[in-house]
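Asker: Chains G and L, in that order, are what the protein sequence lines are.
Counting from 1, position 9 in the first sequence corresponds to residue 9 in this note's numbering; the numbering is continuous, with no gaps.
Counting from 1, position 238 in the second sequence corresponds to residue 238 in this note's numbering; the numbering is continuous, with no gaps.
Simulated from the structure, these hints should not be mistaken for lab results.
Among these hints, one or two may not hold up.
Intra- or inter-copy, both count: the list cannot distinguish identical chains.
To be verified - Pairs of lysine to any residue, SDA-like flavour, derived with a Cα cap of 25 Å:
#1 K445 x S95
#2 K94 x N467
#3 K198 x T303
#4 K53 x E521
Number of protein chains: 2
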Amino acid sequence: MIGTCSARTVALLVATMAAPLLAQEGQWLMYSGSYSSHRFSPLTQISTGNVAKLRPAWVYQPPGSGSIESTPVVANGIMYVTAGPTMVAALDLKSGRPLWEWTRPIAPSVLNLGFPRVNRGVAVLDNMVYVGTLDGYLIALDARAGIERWSVHVGENPSGHSITAAPLVVEDKVIVGISGGEAGIRGFLDAYDTKTGKQAWRFYTIPSPGEPGSEGWPGDSWVHGGGATWLTGSYDPALKLLYWGTGNPGPDWNGDSRKGDNLYTSSLVAIDVDTGKPRWHFQFTPHDTHDWDANQIPVLVDTQIGGRTRALVVTANRNGFYYALDRKTGEFVFGTPYAKQTWAKGLDERGRPVEIPGMEPSEKGTLVYPSLQGSTNWASPSYSPGTEMLYVPVREMGSVYYKTGIEYKPGTYYTGGSEKRLDEESWGAVRALDVKTGKPAWDFKLPTPTWAGVMATAGGLVFSGSNEGNFYALDATSGKPLWQFQTGGAIRSGPMSFLVGQTQYVAVAGGHALFVFALGE
Amino acid sequence: MIGTCSARTVALLVATMAAPLLAQEGQWLMYSGSYSSHRFSPLTQISTGNVAKLRPAWVYQPPGSGSIESTPVVANGIMYVTAGPTMVAALDLKSGRPLWEWTRPIAPSVLNLGFPRVNRGVAVLDNMVYVGTLDGYLIALDARAGIERWSVHVGENPSGHSITAAPLVVEDKVIVGISGGEAGIRGFLDAYDTKTGKQAWRFYTIPSPGEPGSEGWPGDSWVHGGGATWLTGSYDPALKLLYWGTGNPGPDWNGDSRKGDNLYTSSLVAIDVDTGKPRWHFQFTPHDTHDWDANQIPVLVDTQIGGRTRALVVTANRNGFYYALDRKTGEFVFGTPYAKQTWAKGLDERGRPVEIPGMEPSEKGTLVYPSLQGSTNWASPSYSPGTEMLYVPVREMGSVYYKTGIEYKPGTYYTGGSEKRLDEESWGAVRALDVKTGKPAWDFKLPTPTWAGVMATAGGLVFSGSNEGNFYALDATSGKPLWQFQTGGAIRSGPMSFLVGQTQYVAVAGGHALFVFALGE
């Protein structure tokens, strides 16, 4: 089932996946496919040679009107998928028919706050399915019955806290991030006991006065300092470290009230899974005023650089740079632009950007690349151990950034500015980056900046989608398009793959529907 | 392209279709496929022998959250499909991508009236697309650009008028029915000039005092007499007669205020297309107190009965009986039960039901078959000239009918009762009826009473769907299932078929999405 992977990459693959997960070959056990977040399927039945025969096997449409931004999880022979604002469905793998559907009633007052009404997925362990809710709860459902087992209140929704990310289960803990960076929350990452929901720890991404990093937060600016943790992180079982991205500081575009670097915003933080304490951090965009959250999925890669095997965490950041960090120490290994950016001359030897003056948001407007939505956003990249490429969903777009005054009002946008996107000159791509150098190998161009996740497979394929509804397969080596299907809905989800018996399936959501594909006869 | 039809049925087929329509072979020019409402595709590429290879070619999902109950129209090489509350999309036939999308802004006050928020399709003529709106307007759109050309106010929405049916174009007129029978409207059928929107005529389904039939409407009961015209009718170009079904009287379940037969409710009315005057009528359920609208699509069939060629209009009625009428005179030819019914001993020689006493709604509740939703409902049947069968979407269910007091309040439910459906003992079917006798030839059973339309084809197939999301093909002769696909959404729409070049496609909506199928390689 390892297909085109070399023996060496198989070894690496095994090293970066949690051992118990390998026992369930052909499943897709968590949001990003594995702890290393490769979003790589080792399945080979669907390959460059036969992908042209791929066709829908079944479709699932959730009740209600929510669109699907979720990556399904397949565990214990059942698929779990979510839809906005907050619902979970357990689906039969062969027929696509729901075994159960669970919908969280969401009050109009919650929906009317105006923040994204999405849910991106679940975590599963044994007989429990874990889901965060738009109104700020973490809930454990019985995996077979869809009945609530426990519920904990993670964050106050009226002040802008919500949960949209898929939780991550590590040993006996459910790790869950919080959304609300645009509402001036103080970000945190939480861990709860899988069986009882009892809180194990909370790590605040914004230090309180006296803590390390607090010098960048004068007065009470830290209270609304942002640093949300709104996407799922990765995990290295050998180091027992979680890798979690943090969002923009608050307010987003007016940094006057928050001097200094504003740790730990727009950063990657490595957190001890047992204690919730940070071991190291790396800040991509110090004193961010462009909304360049660093929540993109961190990808754990073991590779040879300069004749030396490096245990890396790599990421294509929203700020336009690709970074490779030592995942044990946080040491900056190298970084390089991977998309159009006009705000920094480059990175210094420690990976800190050498900023170009005058690129701050201003009253009259400042044109900067990338746009507020970044060179990439929450859509997941994928890493293939076979090609050693990171396949990144890229957004090539600039924005004119405006700065305004700002006052904090609970549960409203706390941004201190506005933005005009250069939609007409924008485009998108799936971009293949050599993980050892960050240099692009190929582009598959898209008419508009993409919101679709990517999945590479051992069949030599890269799957992704477009805002225009196409779901497609590319040759992982050349980027050549090999197959496509029009789903009719913008693809804002991540593809995944699983086995039923000897049959490989590929799933992706487009618009309001989940599509599951298999080879035709 | 006529395939399995005999030469005789080809001749009949030609006779019952409007001649100009035949010029555009492979299109689907109106809601019911043709003026005779056979909902029969003469295409033969997809057949009993190869339907197993049918697979989705593309999917379309409309913007917003409305589900699709529409049958697409294909004309001039473009597909037009609608979704609720009121939107129209023009789609490219090969890719499924929208050429334009037009959405009617519908005020919350309209949506909040609580009546169905659906739209079932358009009519197309030359460069115009005609659509009725939930807020009671008929609008002509430019077929190429989706721009509004004219708009007329058909009915006051605050008093319960809305348009959900597809209009019908006959020569220079757009014929459009009105919904609102549950709101105590006075039903009517309207004709407007295709080019200007100027009203040509209005036919009220409830006579005003002094008109024929008014004796059954004491006092001002006629003002809220119901008789909505909420589905599309049929047309015989030779007779220049429209055949249009009318809905229940108002109030639905409490008939105390409306003595007599309550003409022309729960009836079929044949209307002169030039003048809007009724030529004949046939009432299926006199003094209806069970909400048995007669809006089901009337089907025009020419066949041999008793050695004589009869020009018939046939219908499987919501009240459980199948009727064959002479379509020139309205003469009752024969009628027979086609589903479980417990309210009538049979029909007399003029087709009037011989009612069983005590079957009226009552304070303590009265169990009657069929249920309020009828033995069939708005989902379209299909007639195959090849098999001479009418394929009916059947709902086998009873209800306990309750009678209450009633007061008219504009824009609210004016029903005078309530209902408890026997869901647990209910089921559904596609039922093949011999049009010459009304006797069932076969059943394809479904787990729940169906809302899916039916299409028969010259390829020997019958297509339909289920509430459980399956879209399937049956052998038209035996009812044997040959193929299915799980769409993930309840199928509450009518299938249709069209050609692009030499390739036959089949389309159906399930849930929020439109699926278009073709044969795989």
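Asker: So, for every hint listed, does it hold in this structure?
Answerer: So, going through the hints one by one against the coordinates:
Proximity of K445 and S95 under a CA criterion of 25 Å is satisfied inter-copy only: 19 Å between copies versus 34 Å inside one chain copy. Taking the shortest alpha-carbon separations for K94 and N467, only the inter-copy value of 19 Å comes in at or below 25 Å, while the best intra-copy value is 28 Å. Proximity of K198 to T303 under the C-alpha cut-off of 25 Å is found in neither arrangement, the shortest distances being 38 Å within a copy and 75 Å between copies. In this homomeric assembly, K53 and E521 come within 25 Å of each other (Cα to Cα) both inside a single copy, at 8 Å, and across copies, at 8 Å.
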